[in-house]
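Q: As they're listed, the protein sequences go chains A and B.
Going by this note's numbering, 44 is the number at position 44 of the first sequence; the sequence numbering is gapless.
Going by this note's numbering, 57 is the number at position 57 of the second sequence; the sequence numbering is gapless.
Just so you know, the hints here were simulated from the structure itself, not pulled from any lab data.
Some clues are possibly wrong.
On the chain B side, residues computed to face chain A include the following (Cβ under 10 Å) [claimed, not checked]:
1) 133
2) 140
3) 143
4) 154
5) 272
6) 280
7) 302
With a cut-off of at most 25 Å between alpha-carbon atoms, the simulated PhoX-like pairs for lysine-lysine come out as follows [as the list claims (entries may be wrong)]:
8) 174/A x 177/B
9) 237/A x 142/B
10) 139/A x 239/B
11) 236/A x 142/B
12) 157/B x 174/A
13) 255/B x 239/B
14) 71/B x 103/B
15) 177/B x 194/B
16) 159/A x 174/A
17) 157/B x 29/A
Note that the coordinates shown come from a computational prediction; the quantities given were computed from them, not determined experimentally.
Where is the CB? At the ideal position from N, CA and C, for every residue including glycine.
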Amino acid sequence: MAEDETPEVQQLPEIIVLGPPVVFETYEKEFCSKFRILRPWESTLPLSEFLLAHAQNTNAALCSGYFLLSTAVLRHLPSLRLVVTTSAGVDHIDLSECRRRQISVANASTLFSADVADLAVGLLLNVMRQISAANRLVKNGLWPKTGDYPFGSKLGGKKVGIVGLGSIGLEVAKRLEAFGCIISYHSREKKSFVLYPFYRDILELAAISDVLVICCALTKQTRHLIDREVLLALGKKGFIVNIARGPIIDENELVLCLQQGLIAGAGLEVFENEPHVPEALFSLNNVVLSPHSAAFTMESLWDSYEITSGNLEAFFSNKPLLSPVLDK
Amino acid sequence: MATPTQKPSSPRQQLGQIVHLGLSSFLNTHHKEFSSKFQILRPSESKFPLNQFFTAEAQNTQAAICSGGFKLSADILRHLPSLRLIVATTSGLNNIDLSECRKRGISVINAGNIYSADVADLAVGMVIDLMRKISAGNRFVKTGLWPKQGDYLLGSKLGGKQVGIVGLGSIGVEVAKRLEAFGCKISYYSRKKKPCVSYTFYSNIHELASVSDILVICCALTEQTRHLINREVLLTLGKEGLIVNIARGAIIDEKELVRCLLQREIAGAGLDVFEHEPRVPQELFGLDNVVLSPHFAVYTEGASRHLEEHLIGNLEAFFSNRPLLSPVLDDE
Numbered sequence: 001m002a003e004d005e006t007p008e009v010q011q012l013p014e015i016i017v018l019g020p021p022v023v024f025e026t027y028e029k030e031f032c033s034k035f036r037i038l039r040p041w042e043s044t045l046p047l048s049e050f051l052l053a054h055a056q057n058t059n060a061a062l063c064s065g066y067f068l069l070s071t072a073v074l075r076h077l078p079s080l081r082l083v084v085t086t087s088a089g090v091d092h093i094d095l096s097e098c099r100r101r102q103i104s105v106a107n108a109s110t111l112f113s114a115d116v117a118d119l120a121v122g123l124l125l126n127v128m129r130q131i132s133a134a135n136r137l138v139k140n141g142l143w144p145k146t147g148d149y150p151f152g153s154k155l156g157g158k159k160v161g162i163v164g165l166g167s168i169g170l171e172v173a174k175r176l177e178a179f180g181c182i183i184s185y186h187s188r189e190k191k192s193f194v195l196y197p198f199y200r201d202i203l204e205l206a207a208i209s210d211v212l213v214i215c216c217a218l219t220k221q222t223r224h225l226i227d228r229e230v231l232l233a234l235g236k237k238g239f240i241v242n243i244a245r246g247p248i249i250d251e252n253e254l255v256l257c258l259q260q261g262l263i264a265g266a267g268l269e270v271f272e273n274e275p276h277v278p279e280a281l282f283s284l285n286n287v288v289l290s291p292h293s294a295a296f297t298m299e300s301l302w303d304s305y306e307i308t309s310g311n312l313e314a315f316f317s318n319k320p321l322l323s324p325v326l327d328k
Numbered sequence: 001m002a003t004p005t006q007k008p009s010s011p012r013q014q015l016g017q018i019v020h021l022g023l024s025s026f027l028n029t030h031h032k033e034f035s036s037k038f039q040i041l042r043p044s045e046s047k048f049p050l051n052q053f054f055t056a057e058a059q060n061t062q063a064a065i066c067s068g069g070f071k072l073s074a075d076i077l078r079h080l081p082s083l084r085l086i087v088a089t090t091s092g093l094n095n096i097d098l099s100e101c102r103k104r105g106i107s108v109i110n111a112g113n114i115y116s117a118d119v120a121d122l123a124v125g126m127v128i129d130l131m132r133k134i135s136a137g138n139r140f141v142k143t144g145l146w147p148k149q150g151d152y153l154l155g156s157k158l159g160g161k162q163v164g165i166v167g168l169g170s171i172g173v174e175v176a177k178r179l180e181a182f183g184c185k186i187s188y189y190s191r192k193k194k195p196c197v198s199y200t201f202y203s204n205i206h207e208l209a210s211v212s213d214i215l216v217i218c219c220a221l222t223e224q225t226r227h228l229i230n231r232e233v234l235l236t237l238g239k240e241g242l243i244v245n246i247a248r249g250a251i252i253d254e255k256e257l258v259r260c261l262l263q264r265e266i267a268g269a270g271l272d273v274f275e276h277e278p279r280v281p282q283e284l285f286g287l288d289n290v291v292l293s294p295h296f297a298v299y300t301e302g303a304s305r306h307l308e309e310h311l312i313g314n315l316e317a318f319f320s321n322r323p324l325l326s327p328v329l330d331d332e
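Chain A extracted, bound-state conformation:
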């Protein structure tokens, strides 16, 4: 690691990379031109030993959305002042410990919101209009033999319940309105700048909705927010799309409801135990699965590089962070 470091590199500010995140792997050269990089995954040492040996003076960390930045890890980084996560979500970071130690946290902010919303709508269209299933049917040579295909579900006029009207939820709402959907939402609080009907009770929202789109953050309050009761309220003709975090839905219950035909279908981009997906879903034609890649378009990866390196540079030059979630 440090063997081939030139004097120029040694002058660069040091960051530890945890994950590593996809954006680091894609733009490694660019990151290396700005920062001196600690790469724990390249070491044979277990993480805690690596941190003890090499990262005691490190002030900044670049962290992937998958890396569990727990209290234990944070305790091995005594000089840490900044965490930059490539994700929009911060549920993988022990925020109360960061707050206690006055460690700033920056995330991807609204960078991915449009792309994630695009995928949410794409998944919904795919499930309701059976695009993937029909694709498989035709490619298996079954079209001439099966005759007419069963009816898909019309989007126009359907009631869509958005769970979490943050920046992603708003982008989803805007898109689905163009299809003639009618939007309502559930959120911690009513949003004053929005005209969509607000439902404080998730069960009420599910009961009046034809579609639920999960767009909220994962917190203690939202874990298993969508449970069996909510799914039953959504009903046999209801669809659910989740592009937020797997644990917001009780996955076991979701699988049961789908197997028993208690909801009409699901589009899922996130799961409780990624990359493991309940195999019971593999054979269901009314379920469309995506390998948690919503944020990843070629364009957004570059944007992600810009915002993460921008946050790190701002920190090292004592300038305000670009996208702070927690700031001391």
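Given chain A, work out where chain B should sit, using these hints.
A: Okay, now just chain B, sitting in the frame of chain A:
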């Protein structure tokens, strides 16, 4: 519910007589409603050849329902001498000899825009599928590859992409409206520039292809649009370009499309329609960047209801000498 009558002719003669040309699962499903209002002749269920059936049974028939797959040729029209009205179940009329209808003074009504939203929804669904690799990702996960390969499928952002709509009719307008909400930039090619439309107009299909990232085919099939999308247009669309067709298969030169996809001259395609349905070029079956569907863009529960209203409404009006609900087409 219609009950069999003792008197063989009176009640039935009061019902207007319609000949149903072609096959329609819709009419089969809605058999009861139609039979209670009209007397329907079904040549497809007869063992006699069509023209023989018409000569024997349909010499006085004034109205026809024509399904999309049925080739309503001049020859057939000659065997239906009393025909005054054709109600098509489709929006497309490329299967009907319209000039012969005009000559004979037969009014033709199509399905208008009852399907437009549903068709546009499928077109946009295919665009997003191709751009964000949804069907490919679904297969990736369902074949158990995610834990093994850990690959992420890098898609392409929709916002800012140039979409070229070929044919800005009622479907094209619905596609444009939807894709605008994703931040796409809309241009179009049409026979004539549309007034009151802010999208950029191109009178030349090659120019549209050259500025577009995605082409969405929404026009009618006519002599002018047959093979409109040929090899040259596809090459102009380019290696990063996508094409979606929910209109009619023959608007694209299918052999050339297959060649361009196999040679990676374009990036992908979404196709609901084909030149020789239900035959689909098998070379497309193994391509992950191609999404295929069995000409089902209109098949939602909502469209079925609208079609029923369209057919029954117009036919009832015709037989009661009231104005028809839908405009009569004098030019496709």
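Q: Checking against the hints above, which ones are violated?
A: When the structure is compared with the hints, none of them turns out to be violated.
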